[in-house]
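> Sequence:
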Amino acid sequence: RLHSEQKPYKCDVCGKGFKRSSDLSRHKSVHSAEKPYKCYVCGKGFKSSSALSMHKRIHRDQKPYTCDFCGKGFKRSSGLSCHKRLHSDQKPYKCDLCGKGFKRNSNLSRHKILHIDQKPYKCDLCGKGFKRSSDLSEHKSVHSAEKPYTCYVCGKGFKRNKDLSKHKSNHTGQKPYKCDKCAKEFGHSFQLIIHERMHAGEKPYQWDVLWKSI
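Position 169 of the sequence shown, counting from 1, maps to 169 under UniProt numbering, and the rest follow consecutively.
The set of hints was computed from the structure by calculation and includes no laboratory data.
Certain hints may be false.
To be verified - Distance windows between CB atoms, simulated:
#	residue 1	residue 2	range
1	Glu138	Gln174	53 to 59 Å
2	Gln174	Ser134	26 to 32 Å
3	Glu34	Asn105	41 to 47 Å
4	Gly201	Lys122	41 to 47 Å
5	Cys154	Asp180	16 to 22 Å
6	Asp68	Cys123	47 to 53 Å
7	Val153	Cys82	54 to 60 Å
8	Lys63	Asp23	37 to 43 Å
9	Cys82	Ile193	55 to 61 Å
10	Asp68	Pro8	57 to 63 Å
11	Ile58	Pro92	42 to 48 Å
12	Met54	Ser21	55 to 61 Å
Idealized CB from N, CA, C, for every residue including glycine.
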């Protein structure tokens with residue numbers, strides 16, 4: 001019991017005694033101006049972690065970051081920054097389907113749901129719908145006699161760029177159409193069709209008859 005009451009470690013400032021030197025070291029911070037424990041909300045400093053923990057309770061329902069337009073409060077500065085866009089004309093989040101802008105990414109995400117299965121861009125000639133205006137523009141070439149995509153080798157014109165790309169294989173020796181059964185390659189799709197029918201045991205067709213069937 002004699003030892004249980006002993007406090008050999010004395011503070012040289014106020015004379016208070018402690019059983020352990022570590023307790024004395026912590027106590028000495030009371031007499032210094034140092035406040036190493038900082039509150040991340042308001043920046044206030046404290047000498048001990050326990051004092052900081054008690055202080056944090058006042059911030060639980062506090063919203064120190066206030067909007068100077070409408071007075072709404074926020075716990076963090078990032079929340080206030082996001083909110084301020086509501087009061088400006090900034091709409092940085094753009095829909096890649098219709099081009100409409102939004103102030104928040106969450107609003108853009110909700111908006112995109114409207115485009116699922118929607119095809120708002122309609123062809124005024126055949127009524128076919130498209131999700132993007134660029135797709136509609138490309139489709140419209142089907143209805144015109146214009147053939148803007150020209151082969152630089154033979155001069156033949158095409159309505160679509162992808163048709164020109166297929167045609168170019170005639171001049172390069174490329175054979176993009178491959179048989180799944182024997183791996184033989186062909187330069188044209190109709191050649192592959194004839195070849196596959198032979199695998200099926202069918203008699204080869206005459207060229208003019210096959211062209212009419214494709």
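> In ascending order, which of the hints set out earlier in this document are inconsistent with the structure?
Failing hints, ascending: 1, 5, 11, 12.
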